[in-house]
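Peer 1: If you're matching them up, the sequences are chains A and B in order. All residue numbers for the first sequence refer to my numbering, where the first residue is 1 and numbers rise by one. All residue numbers for the second sequence refer to my numbering, where the first residue is 1 and numbers rise by one.
Do not take every clue at face value.
[Unchecked claim] A few chain B residues that face chain A, going by a derived Cβ cut-off under 7 Å, partial list only: (1) 175; (2) 176; (3) 180; (4) 181; (5) 241; (6) 258.
[Claimed, not checked] To give an idea of the interface, some chain B residues facing chain A are shown, with a C-beta separation under 7 Å as derived from the structure: (7) 105; (8) 135; (9) 158; (10) 165.
These are computed hints drawn from the structure, not numbers from a lab. Beta carbons are placed, not taken as given, at the ideal position from N, Cα and C, and that holds for glycine.
Protein chains: 2
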Amino acid sequence: MRSGGTALAVDIGGTKLAAALVDSGGRVLRRNEVPTPKTDVADEAGDALLGLVGSLLADADADADRPVVAAVASAGPLDPRQGTISPVNIPAWRGYPVLEQVGKVTGPMPSVLLGDALAAAVGEQWCGAAPGSGSMLGVVVSTGVGGGFVFDGRPFGGPTGNAGHVGHMSADPLGQLCPCGARGCVEMLASGPSMVRWARGMGWPGREARQLADEARAGRPLALAAFAQAADALALGIVAAAALCDLDDVVVGGGVAQAGEILLGPLRERLSARAGLAFVRRVKVHQSALGNSAGLIGAARAGFQRLADA
Amino acid sequence: MRSGGTALAVDIGGTKLAAALVDSGGRVLRRNEVPTPKTDVADEAGDALLGLVGSLLADADADADRPVVAAVASAGPLDPRQGTISPVNIPAWRGYPVLEQVGKVTGPMPSVLLGDALAAAVGEQWCGAAPGSGSMLGVVVSTGVGGGFVFDGRPFGGPTGNAGHVGHMSADPLGQLCPCGARGCVEMLASGPSMVRWARGMGWPGREARQLADEARAGRPLALAAFAQAADALALGIVAAAALCDLDDVVVGGGVAQAGEILLGPLRERLSARAGLAFVRRVKVHQSALGNSAGLIGAARAGFQRLADA
């Protein structure tokens, strides 16, 4: 069933580095991951990345598995045209030439770089929760709130590759200043750490969004309120995205979205309350189907598209 | 300098119907307009439209001026694929097959239908305030607040043709209900009638946004406050659009924008205050250069693109 070899897909985040061989049907053939090194030295972090990729390739047991394209999804900011990354949570890398470095291990082959949330959206639209969707927003609710658009089956990164930043539009115009410099960003209300911070401010003794989800599932009012507030902020972001971009589907993933209906139930309720125009109301909300493989699978898809366009 | 004939461009609004012959360089060769008929009868309104188009074509004095494509921009809602329009402010037309009707006057030729705010954006990106912009939002501030995106030189209408509705995302999550059903829409704060309604609620005796602009120009505090509030709502919408779509340029047009720096000055100030991330802050704001010809010129551009794609 396979044709045209595999994609080497890499997913770079503040917590872990993952690499996989993904075939042209979106199947993950093998996958390795390591914790993201805690270092300020670019080459030390680079050695961990290149070692990860090298061991994956060394283990590839058949010619059919050999990659024909290298596709990197990364936390931002990044510069897709230069092939460089400067992830906020990986201080070792500022303007790190990730495509060039990965190329040292793979040898010469076409390559592509895109944002991790955009890659996740591409994966879900390819073979995840919204396969074939014509106009889709993927939202990643995790330590931050990221997003990415897929229009007509193609990642939409915009001129700088930064499109889809649903976490940094304002859900509360009079709200708290966000580290980004804007006020009341969606991320300030809906990310895991933001929910925990709010709950702790109300006297909750816990430390993890996961505990908050467990307590919400048990019906504890404070935890339910934290999810209700996050859901409303996400609904404002999704309504804006739907009014602006005419969406068919939204896929919600990331660690916090693993709470499932604890988040998606209130989110659908708030969307119904907040969406006005018919074309905005029609948007369908899905939970991620690919979980933490979405970025790898979507990066691979972008790689195969790059090959097809060449 | 002309090549390939002209486009017959039509712009359908609640106040007037306009038609023009536009050449492939974006020049308006001739133009007619009539008030939008006050009738509930589809054919009566249709007669006015077809008469307008017919007289324009009858006057076309040279073969070189003859249209090779018909391009209609219309107030929404509309269905670009079906070629039908149901403008909120033209009750005579519900599902009116405007492309088919115009075709009765022009004879068989390719045709295209798009939203009026989208057409205006296309015009400004073609030969107006942001020529060649790679990623642009056009905002029309008038009796409502509309918008349209042009990405990579192409109109971005989305699957239903409704993309760009910056007026119907929330700028005030706890604000007044909008007729669309959502709460605190940008349009509820920034349209001409909304500004007048707010000022009158504060005791202002006037009735027209134009008077409000005159008074703001004269430094009257209430009028300045009305523009400041509208500017902040527009800034929230533009920041959201920039965070989501990675914009290079925003062009602001429509009747209220004729106030010029009375609106654009506070708008730039609020954008500076509200935009956080570097790629959001880089967006440049321009006043419309094409005025009320933007929709006709942009429709023509979309028509020529349709021909080129065929």
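Peer 1: Each hint needs a verdict: does it hold in this structure or not?
Peer 2: Here is what the structure says about each hint:
| no. | hint | verdict |
| --- | --- | --- |
| 1 | 175 | violated, 10 Å |
| 2 | 176 | violated, 12 Å |
| 3 | 180 | holds, 3 Å |
| 4 | 181 | holds, 3 Å |
| 5 | 241 | holds, 6 Å |
| 6 | 258 | violated, 25 Å |
| 7 | 105 | violated, 30 Å |
| 8 | 135 | holds, 5 Å |
| 9 | 158 | holds, 2 Å |
| 10 | 165 | holds, 4 Å |
Of the numbered hints listed earlier, those contradicted by the structure are 1, 2, 6, 7.
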